[in-house]
Amino acid sequence: MRPFAQPASGGAQRPAGSSGDTDDAGHIEYRVAHLRDRLAAEELAELGVRAEVRAGSVVVSGTVPSAECREVLLRTVHEELAGLAVHTDVVVAETASPDHAEDLP
Amino acid sequence: MIRVAAVGDIHMGPDSQGLLRPAFDTLDECADLLLLAGDLTRHGTPEEARVVAREVRGLPVPVVAVLGNHDHHDEQPEKVTGILQEAGVTVLEGEGTVVECAGSRVGIAGTKGFCGGFVGRSAGEFGEPLMKEFVRYTRRSADALHGALEDLGRDGCDVRIALTHFSPVADTLAGEPPEIYPFLGSYLLAEAIDTAGADLSVHGHAHMGTEHGMTAGGVRVRNVAQPVIRRAFNVYQLHAA
Chain V
245 MRPFAQPASG GAQRPAGSSG DTDDAGHIEY RVAHLRDRLA AEELAELGVR
295 AEVRAGSVVV SGTVPSAECR EVLLRTVHEE LAGLAVHTDV VVAETASPDH
345 AEDLP
Chain G
1372 MIRVAAVGDI HMGPDSQGLL RPAFDTLDEC ADLLLLAGDL TRHGTPEEAR
1422 VVAREVRGLP VPVVAVLGNH DHHDEQPEKV TGILQEAGVT VLEGEGTVVE
1472 CAGSRVGIAG TKGFCGGFVG RSAGEFGEPL MKEFVRYTRR SADALHGALE
1522 DLGRDGCDVR IALTHFSPVA DTLAGEPPEI YPFLGSYLLA EAIDTAGADL
1572 SVHGHAHMGT EHGMTAGGVR VRNVAQPVIR RAFNVYQLHA A
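Residue numbers (the numbering used here), protein chains in the order written: chain V, 245 to 349; chain G, 1372 to 1612.
Check before you lean on any hint, since a few could be wrong.
From chain G, some residues computed to sit far from chain V (all C-beta separations above 10 Å) [what the hints assert, rightly or not]:
no., residue
1, Asp1386
2, His1414
3, Gly1429
4, Val1432
5, Glu1449
6, Gly1459
7, Thr1468
8, Glu1471
9, Gly1474
10, Pro1549
11, Asp1565
12, Asp1570
13, Ala1587
14, Pro1598
15, Phe1604
16, His1610
Heads up, incomplete: computed chain V residues facing chain G, CB under 8 Å, no partners named [claimed, not checked]:
no., residue
17, Ile272
18, Ala285
19, Gly292
20, Ser310
21, Glu312
22, Pro349
It is worth saying that the hints were derived from the structure and are not from the lab.
No residue lacks a Cβ here, since even glycine has one placed at the ideal position from N, Cα and C.
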């Protein structure tokens, strides 16, 4: 897990009706919801990444298909959650062949 | 012995061309066929479908696929299907196909499937037209899966596999938030599998789920979403009766 100790900066594009920069727990939840909407709607079409509020921080975790997707995802998270403490654990899907088969007798 | 390779949720886009091909090129060393359990693209665009098509064209084993919800997002599933078919992929939706493997007839019945949830925690066909259609869509998918599996049985297949994108059981969703289970699968698919009979059920969709599960009737279920198996594909060895 890679914490972002410093507040993410700049460029946030929030949907109409989203909260401002408050760190009130309730508003954080709405901002996380808007992040999830944006991840699904934009170029990533990402529905498989989890974003959760934990003790006032946001934890974003999951697996994405490529390194480029990971970059876009993290940039979007920074933008959408600017000013919040965010921890990420996002990995790229592994593409190696399996080293064994499962026998199903 | 029949060696079945399977993966789902590869979510290919222009930036992922070539990522899976090196592993796919080794398939003839370890598998007799490859199953793709849907969500092959991100938005279901023809451009993304062509990335998938190039990734699987000319593979050394037969490729059988179902589409996933992502492959429907651009509302051109027929076009996505056509592009994959042109690349040699057999794309199933409510139907079956037979692949000859190692002297055995392997029947694969496939459908995307849909949502609704699991026994005791499922959506009902009641109330608003939209709600009723939600459940009926899943029921039609399950009915088609049932029919396809029965047809494969009558055709004398040595092994039958149910291939879906959505999950037939809750077992393989473990790791996902329980609140969203109703959006990840439906018991109607499992009921179809158990009543028609199958030797293996393969699905994707639940990225944070678990690989292993079983239907109430004892059919083994495998969630092969790429984030779950953490490989280009997994291989399951089945034995003809």
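Assertion that Pro1598/G lies farther than 10 Å from chain V (Cβ): 3 Å, violated
Closest CB of chain V to the CB of Gly1459/G still more than 10 Å away: For Gly1459/G, whose nearest Cβ neighbour in chain V is about 21 Å away, the distance exceeds 10 Å, so it holds.
Chain V versus Pro1549/G - minimum CB to CB distance exceeding 10 Å, so not interface: The claim stands: Pro1549/G keeps its Cβ more than 10 Å from every Cβ of chain V (closest is about 13 Å).
Proposed interface contact between Pro349/V and chain G, which counts if any beta carbon pair is under 8 Å: 6 Å, holds
Outside-interface status for Ala1587/G - nearest CB in chain V farther than 10 Å: 18 Å, holds
Given as non-interface: Gly1429/G, partner chain V, CB spacing beyond 10 Å: Nearest chain V Cβ is 18 Å from Gly1429/G, so the label holds.
Beyond 10 Å from every chain V Cβ - status for Phe1604/G: 7 Å, violated
Assertion that Glu1471/G lies outside the chain V interface [Cβ separation over 10 Å]: With a cut-off of 10 Å, Glu1471/G remains clear of chain V, as the shortest Cβ separation is near 20 Å.
Interface-negative label, His1610/G against chain V, beta-carbon threshold 10 Å: The claim is violated: His1610/G sits with its nearest Cβ about 6 Å from chain V, within 10 Å.
Hint validity - Glu312/V Cβ closer than 8 Å to any chain G Cβ: OK, holds: Glu312/V within 8 Å of chain G, min 4 Å.
Closest C-beta approach of Ser310/V to chain G relative to 8 Å, hint status: 5 Å, holds
Chain V versus Glu1449/G - minimum CB to CB distance exceeding 10 Å, so not interface: 19 Å, holds
Hint violations for this structure: numbers 1, 2, 12, 14, 15, 16, 17, 18, all remaining hints satisfied.
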